[in-house]
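If you read the protein sequences in the order shown, they are chains U and X.
Note that this note's numbering has the first sequence beginning at 1, numbered continuously upward.
Note that this note's numbering has the second sequence beginning at 207, numbered continuously upward.
I should point out that these hints are in silico values taken from the structure, not numbers from a laboratory.
All C-beta atoms, glycine included, are put in the ideal place defined by N, C-alpha and C.
One thing to keep in mind: the hints can contain errors.
[Stated by the list, open to error] Pairs of lysine to aspartate or glutamate, DMTMM-like flavour, derived with a Cα cap of 20 Å: (1) Lys123(U) with Asp288(X); (2) Lys197(U) with Glu629(X); (3) Lys123(U) with Asp615(X); (4) Lys391(X) with Glu403(X); (5) Lys69(U) with Asp702(X); (6) Lys128(U) with Asp702(X); (7) Lys437(X) with Glu188(U); (8) Lys633(X) with Glu173(U); (9) Lys128(U) with Asp616(X); (10) Lys120(U) with Asp626(X); (11) Lys575(X) with Glu76(U); (12) Lys52(U) with Glu629(X); (13) Lys69(U) with Asp274(X); (14) Lys291(X) with Glu173(U); (15) Lys565(X) with Asp126(U); (16) Lys217(X) with Asp267(X); (17) Lys633(X) with Asp194(U); (18) Lys120(U) with Asp616(X); (19) Lys77(U) with Glu283(X); (20) Lys52(U) with Asp267(X); (21) Lys77(U) with Asp288(X).
[Stated by the list, open to error] Taking CB as the label site, the calculated pair distances span: (22) Ala187(U) with Gln397(X): 21 to 29 Å; (23) Asp97(U) with Lys625(X): 57 to 65 Å; (24) Glu511(X) with Glu78(U): 50 to 58 Å; (25) Ser98(U) with Lys625(X): 33 to 41 Å; (26) Ser116(U) with Arg596(X): 46 to 54 Å.
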Amino acid sequence: MGQALGYYVATPTLIGMVQSCKNDKASEWTPDFLTPDEGEALTKLVDIILPKTDTPSASEVQVHLFIDKFIDQVMEKEQQDFVKMSMGQFLEKALKDSGKEKAGDLTSGDLEPVLSEALKVTKEDDVKNFEAIEQYHEAIAEGKEPLLDDGISRFAFANNLRGLTIWGYKISEYVGEEVLAYLPIPAEYIPCEDAQKLTGSMAWSL
Amino acid sequence: MKGLLKDLTMKKYYYNEEQESYDAIVVGTGISGGWAAKELCEKGLKTLVLERGRMVRHITDYPTAYKDPWDFPNGGEPTQEDLKKQPKQNRTGYTTNVASALWFVNDLEHPYNEIKRFDWMRGYHVGGRSIMWGRHSYRWSDIDFTANRREGIAVDWPVRYKDIAPWYDKVETFIGVSGENLRLKQLPDGQFLPMMELNCVEQRFREKVSQNFNGRVVTAGRVANITGTKKFEGRQHCMFRNRCIRGCPFGAYFSSNSSTLPAAERTGNLTLRPDSIVHEVMYDPDTKRATGVKVIDRVTKEAHEFKAKVIFLCASAVASTSILMQSRSDRFPNGMGNDSDQLGRNIMDHHLGVGAQGKFDGLEDKYYKGRKPNGVYIPRFRNLGGDSDRKDYKRGFGYQGSAGRGNWDDAVAELSFGKDLKEAILKPGGWTMGIGGFGEVLPYEENRMTLDYDKLDGWGLPTVTFDAEFKENEWAMRKDMKESAVEMLEKAGLRDVQPFDNPGALGLGIHEMGTARMGRDKRTSVLNGNNQIHEVPNVYVTDGSFMASAACVNPSLTYMAFTARAANHAAQQLKKGNI
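Construct all of the structure, not just a fragment, from the sequences and the given hints.
See the structure below:
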């Protein structure tokens, strides 16, 4: 957009583009599974989890697209329902705390504290959380009323999202080839050597 | 140009034109079929090899061989749409990854019936499961060959190690197996290429197990991948990409496609016809010999008959047994060679999915280069006499496993999110190690497959019904497999050691066998010690069907050795005019 502004004269036909540029929307992407508002929030969340440093942020390597597509195509219906429910709980808290009404209006500043709180768990809580989540799924399987504490739902969403974000980031083409150590055909096996010598202490991408 | 197009679209026969009749017919092109083709062709027999599935040319037809995770949608995970076609194949949890799913059947096109759950994992194409196999190759010892007799279980093997040893030599030498000799009575030594070295943590595990468990050994897996400098026709050494299951463009691991079929082709005696579903062996009651096979073309559904002097059934245990069951006549109302009523019975496998994994602190500055398609192997250490004998179960188990860096749980928990987390997950991660056992399943007469003529497949053939399960001996063994795994990892200094125990069902080991067992007595077995059907000596069955017991080691090397031996026997018998 900035390039367009520098390149073209801002004629009336371009005013619409300039105005949309002034909005805070990170993208004009229409998700396959999530609602557009949820998609907005997802885009910001993945960048809170893996922000831009001297390497791209998660959204810069399309992790938000990857996750939405993954939920849509790979997950079973029950897993999709769980994502919807737990993400719903997460966004509800963010809206409540920020006083906003539309999830699409949530900023990174609104989302970060909710993420932070959701992921702050002790090792004991971690175990309890997973037990509760397992019971929730068992209840569904048995046709019973499934119940899950709101806080644990938010944890479940945040934790799942973080896992998918990390995985999606590391298997993106840019990160796999340019950031991590990329060696498609090693041709030999060296069983035990200094990491610094082999990869500059970066992980192999493959 | 027109002729070339015709050739590509109409081509049914490869390497030679269709013949009037053949010296030999081989059914199946997998681990055993490829060897039968090679040996029979090399003995000068004009051999027709029939494969029910599509053609697969070495290298040209490995579409996923070079793909990276970002080259697949969803990182290679199958979609729900994909899984609608492979719900049973997906029970393995890994074969249906997009990189390898093309090698496994469409379950909707190839249904089967389960009285009890049975996981039947296979693919139908030239090369069979020799394309997707795990490549672990271990010899049997006389402890295995004599087990049935010593314990009064099922029937005695009609052979002993000394009968098979020269054929193990021949096979290992031809296919290339990497490994080290250990001078263990329960795991005979072999003809090995240099073993794949153990990484830092695997090496440590090997030392600790040796120190803490008297007589127990940790070695590298003996895998059929080329290492070292020995030359193999048309093949190159392993490039350590760990993508074997996709088909190897370097031919670095053994498959029919890279190794035995080219050898057969080089003799000029091979005719290969893919898309050929063999459904019956034809029998002449006057000569008391098989005369050939009946085929339905997979694509056109046309019927064909092919004649030969000797038939090798190498379609895999369930498939070869099905063919025999479908070969009914006045002489053999219950299927060819089934006077004993053992055809379809005694189905075995290896049970697996039990072991442990843990985390290793330390060696943070160490890493490996290359993706080794292999790890450690722990040979059987139970029921070998003396202190090793157990009261709670018979036979034994081995383990496969590996160590690697790739655990970021602790970093994730501590750093939560943000730039510090990002930095951490781009580093190698913590060391972990896991081992999983492969346990022997006993032969039970009541564990069986039958054919259902009321449920026919798309070619009008009966579907297979499985009625088989794990029993007491297997469950008791698994308890020890789990506990021993935990014990070994803990003694090696790993922490947070977690056991796992997911038995799945029979079949999940993808080593199904035993459905046309060999034996000394034709009243209790289908085949003799030369893999011939007792009553039809010009039919040899050399895939997993022939196994009278299962041992605990991956069986493919044994199938190959018995096949080479049987093929050479058949060639001799033909020359002498005995069959």
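Worksheet item: Is the Cα-Cα distance between lysine 52(U) and aspartate 267(X) 20 Å or less?
Response: With Cα atoms ~41 Å apart, lysine 52(U) and aspartate 267(X) exceed 20 Å; violated.
Discussion item. For a C-alpha distance cap of 20 Å, please report whether lysine 565(X) and aspartate 126(U) respect it.
Written reply: 18 Å, holds
Fill in: 20 Å Cα cutoff - pair lysine 197(U), glutamate 629(X)
19 Å, holds
Fill in: Proposed proximity, aspartate 626(X) with lysine 120(U) (alpha carbon, max 20 Å)
16 Å, holds
Worksheet item: Under the criterion that the straight-line Cα-Cα distance not exceed 20 Å, is the pair lysine 123(U), aspartate 288(X) satisfied?
Response: 37 Å, violated
Worksheet item: Given the hint that lysine 575(X) pairs with glutamate 76(U), does the C-alpha gap stay at or below 20 Å?
Response: This hinted pair is violated, its Cα atoms lying about 37 Å apart.
Worksheet item: Is the gap between the beta carbons of alanine 187(U) and glutamine 397(X) within 21 to 29 Å?
Response: 25 Å, holds
Discussion item. So if I understand the rule, the pair passes when the alpha-carbon distance is 20 Å or less; does lysine 437(X) with glutamate 188(U) pass?
Written reply: With Cα atoms ~17 Å apart, lysine 437(X) and glutamate 188(U) stay inside 20 Å; holds.
Practice prompt. Compare the distance between the alpha carbons of lysine 128(U) and aspartate 616(X) with 20 Å, and conclude whether the hinted pair is satisfied.
Written response: 18 Å, holds
Discussion item. So if I understand the rule, the pair passes when the alpha-carbon distance is 20 Å or less; does lysine 633(X) with aspartate 194(U) pass?
Written reply: 13 Å, holds
Discussion item. Can you confirm whether the C-alpha distance between lysine 128(U) and aspartate 702(X) stays at or below 20 Å?
Written reply: Judged against 20 Å, a Cα distance of about 17 Å means the pair holds.
Worksheet item: Between lysine 77(U) and glutamate 283(X), does the CA-CA distance stay at or below 20 Å?
Response: 16 Å, holds
Violated hints for the displayed structure, listed by number in ascending order: 1, 4, 5, 11, 14, 20, 23, 25.
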